[in-house]
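Enquirer: The chain contents come next:
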Amino acid sequence: MTEVLAFVFLMAGLLMLSGRIVVKNITLLAIQSAALSGIAFYLGFAGSEISWHMMFMGGLTLAVKVIVLPMLLYRTAIRVVVYREVPLSIGMGPSLLIGVLLVALTYVYIVPVLLIEIHSQTMLFPVALSTVLLGCFFMVSRRSAFNQIIGIIEMENGLFLCALAVTGGMPLIIELGIFFDLLVGAIVMGIMTHKIRGTFDTLDTKELSRLKG
Amino acid sequence: MLYLLLLIPALTAVACFLPLNTRWWERFNVVGSILTGTAALYISLQTLQAGSPLWPGRFLMVDQLSAVLVFIIGVIGTICCLYTVTYLRADRANGEMDSRKTGWFFGLVQLFVGTMYLAVLADNLGVMWVAIEGTTIVSALLVGFYGTRTSLEAAWKYIIICTVGIAFAMLGIILTFHAARGVLGAEEISLSWRFLYPVASSLNPNLMKLAFVFVLVGYGTKAGLFPMHTWLPDAHSQAPSPVSALLSGVLLNCAIYAIIRFHLLASATGDFSGRLLVLFGIMSMVGALPFILVQKDIKRLLAYSSVEHIGIIVLGVGLGGTLGYTGALLHMVNHALGKSVLFLSAGTLTQSYHSKLIPRIKGIGQLLPITSAIFMASLLAIGGSPPFGLFISELNVATRGFEASGPVLGFIFLMVVAVVFTGMIYFAGKMYFSNLPSRFPRGERFSAAHALMLLPICLLVLQGVYMPGMVQSMLSKVVSYMIAGGVN
Chain A
47 MTEVLAFVFL MAGLLMLSGR IVVKNITLLA IQSAALSGIA FYLGFAGSEI SWHMMFMGGL
107 TLAVKVIVLP MLLYRTAIRV VVYREVPLSI GMGPSLLIGV LLVALTYVYI VPVLLIEIHS
167 QTMLFPVALS TVLLGCFFMV SRRSAFNQII GIIEMENGLF LCALAVTGGM PLIIELGIFF
227 DLLVGAIVMG IMTHKIRGTF DTLDTKELSR LKG
Chain B
572 MLYLLLLIPA LTAVACFLPL NTRWWERFNV VGSILTGTAA LYISLQTLQA GSPLWPGRFL
632 MVDQLSAVLV FIIGVIGTIC CLYTVTYLRA DRANGEMDSR KTGWFFGLVQ LFVGTMYLAV
692 LADNLGVMWV AIEGTTIVSA LLVGFYGTRT SLEAAWKYII ICTVGIAFAM LGIILTFHAA
752 RGVLGAEEIS LSWRFLYPVA SSLNPNLMKL AFVFVLVGYG TKAGLFPMHT WLPDAHSQAP
812 SPVSALLSGV LLNCAIYAII RFHLLASATG DFSGRLLVLF GIMSMVGALP FILVQKDIKR
872 LLAYSSVEHI GIIVLGVGLG GTLGYTGALL HMVNHALGKS VLFLSAGTLT QSYHSKLIPR
932 IKGIGQLLPI TSAIFMASLL AIGGSPPFGL FISELNVATR GFEASGPVLG FIFLMVVAVV
992 FTGMIYFAGK MYFSNLPSRF PRGERFSAAH ALMLLPICLL VLQGVYMPGM VQSMLSKVVS
1052 YMIAGGVN
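So the protein lines, in turn, are chains A and B.
The opening residue of the first sequence carries number 47 in this note's numbering; numbering runs sequentially from there.
The opening residue of the second sequence carries number 572 in this note's numbering; numbering runs sequentially from there.
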């Protein structure tokens, strides 16, 4: 079961690299988060007794990352994103190719060679780590301030799954703190895209390159 | 007790967000920051004198090392908060800031200071991470406060680069938790510094190496270590000056504090982390050099100088030993004192000249005799000349460099410090020893803002000329605590 959900999780990350339409990316992000919360729920149920910690985290992910954040992003997108298609710094084909290569790199080199010390039985860990890298690359390959927010949330998703895979979840209070940070951070970034849109008339990061040296 | 340090700034911030008028916001800000400062000084001096952790709670704790940081935030944070009042008055007079927005500004500055207290008081790796990410979010709003093109650009780069960077630090924390879980169990204490240090030597060394690399990349971004420093000059130059002073004097130190904590943990199982810190320290020093020499913007100049000084601190920590740690700790305090005054006085200068470009700022000695005297003194201090404290801390680190790693490192260190000094003095000379364009009115009166800026300078001179025995014994307690790996 977790394998299927992890596959959905990873594919959502890859598909985000192939789309130029902002609304589609937000939907994919929501699907990815839904897969994540599914994994947490499943792990919570799967053990001999129900793990309330996992259930709670799954519920919180569902509430924050599947419902609240995508809605906020969607409403911000309608107001600030002027273009339907995001300007790219790397072409569509090459960026998808690089995404696949990043996933391959994680599976072939990073997890079995570099991070050999981490004995994680499940296949969740490489999925999580490649999603962190994909999120990072997503931010670089788009020349749009708004898509950088999406990339950061994707990275957070990867990190969350990482914590789940490696340690079986961080202590509850820490997870809550991270959620709070993510939510406030996303709101602040949303406000800032709004201001940038008002001042620059665009969200193209090409314009954000005055300060040098 | 420790919760006071979080509560007072938070309440002050809430009070400043209330829809009142500027006079009330100023009052709240002044009272709040003085109260916080007093509490911080009391807590840090008590702890330093006792030489052992005090007030251990579930999530907060103060030990000798964090007491040093609490002292820095207490002094610099309070001075910057108080200076903000004058700064904003001048800004309003210049018509650069809407008076309705000043309440927001005060409130955000208070929140910023509060999150930094949380970052250094946190006993828990995760809480610390949350707090440091919190500082990014709050201060990004302050960096972009003017809402101009350049300030928005700087704020955006700052929040994006630091958020991505700190995500990698989270990976490091996850790995540390993984390593500690086998020893301490899966509860919160596996992420608590207090419980981690005694068992540091039984953590898996390879995991700790990996964790340290991630943490260094993550928090190193926030600290402005060389290849990850790109946000720093932008944010420091575009932020309102009191915020630049807080960023440079306090925030960078908080990130370094996080790195030191992890270094103490990782160095129990090998000297890998120390060597990595030496490498990054030297890179930051050398990397900042060319940018300092060709700089035209006064605040960017100071920002790159911060990168260089962060390099010195990290180098001292990496070299370790009594001399290395003493030098690094002293340098942390001294750099914070000197650089914040430098940013504040430079802020007054840029406000009076309406420009940040060095060639435009001419004859500062004639226009603002008191401010420019303070500016020159703090510039000499930051350059590392006697009789200021930075001379002594740099000497400590340099001596340890020669001792621990041979003449090459020591030579590079001294050369960089000397060349930076020359560069800074050259620019300062151009600004000071030139004639004022006649359109400016001359002279200024001594004001409370000057007294605020003189206080750190006095501390620096005192420390460079005569270090009281009490301070020395406090410092040696902290250093032996660090050498013991965070165990009493």
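FYI, nobody ran anything at the bench for these hints, they're computed from the structure.
Beta carbons: idealized from backbone N, C-alpha and C, even for Gly.
There's no promise every hint is true.
[Stated by the list, open to error] Taking CB as the label site, the calculated pair distances span:
#1 B:Val979 x A:Ala109: 54 to 62 Å
#2 B:Gly718 x A:Ser255: 30 to 38 Å
#3 B:Ser1047 x A:Met57: 56 to 64 Å
#4 A:Ile237 x B:Gly628: 29 to 37 Å
#5 B:Leu591 x A:Ala92: 54 to 62 Å
#6 A:Met57 x B:Thr609: 26 to 34 Å
#7 B:Phe973 x A:Glu49: 37 to 45 Å
#8 A:Ile124 x B:Gln617: 22 to 30 Å
[Said to hold, decoys possible] Here are some chain A residues pointing at chain B (derived, C-beta under 10 Å):
#9 Ile96
#10 Val157
#11 Thr239
#12 Phe246
[To be verified] Anything over 10 Å on all C-beta distances counts as not near chain B; from chain A, calculated:
#13 Trp98
#14 Ile198
#15 Gly214
#16 Ile224
Enquirer: Compare the structure with each hint and give your call.
Expert: Against the structure, the hints come out as follows:
{"no.": "1", "hint": "B:Val979 x A:Ala109: 54 to 62 Å", "result": "57 Å, holds"}
{"no.": "2", "hint": "B:Gly718 x A:Ser255: 30 to 38 Å", "result": "18 Å, violated"}
{"no.": "3", "hint": "B:Ser1047 x A:Met57: 56 to 64 Å", "result": "58 Å, holds"}
{"no.": "4", "hint": "A:Ile237 x B:Gly628: 29 to 37 Å", "result": "34 Å, holds"}
{"no.": "5", "hint": "B:Leu591 x A:Ala92: 54 to 62 Å", "result": "55 Å, holds"}
{"no.": "6", "hint": "A:Met57 x B:Thr609: 26 to 34 Å", "result": "57 Å, violated"}
{"no.": "7", "hint": "B:Phe973 x A:Glu49: 37 to 45 Å", "result": "58 Å, violated"}
{"no.": "8", "hint": "A:Ile124 x B:Gln617: 22 to 30 Å", "result": "54 Å, violated"}
{"no.": "9", "hint": "Ile96", "result": "17 Å, violated"}
{"no.": "10", "hint": "Val157", "result": "12 Å, violated"}
{"no.": "11", "hint": "Thr239", "result": "8 Å, holds"}
{"no.": "12", "hint": "Phe246", "result": "7 Å, holds"}
{"no.": "13", "hint": "Trp98", "result": "14 Å, holds"}
{"no.": "14", "hint": "Ile198", "result": "6 Å, violated"}
{"no.": "15", "hint": "Gly214", "result": "7 Å, violated"}
{"no.": "16", "hint": "Ile224", "result": "6 Å, violated"}
Consistency note: the structure conflicts with the earlier hints numbered 2, 6, 7, 8, 9, 10, 14, 15, 16.
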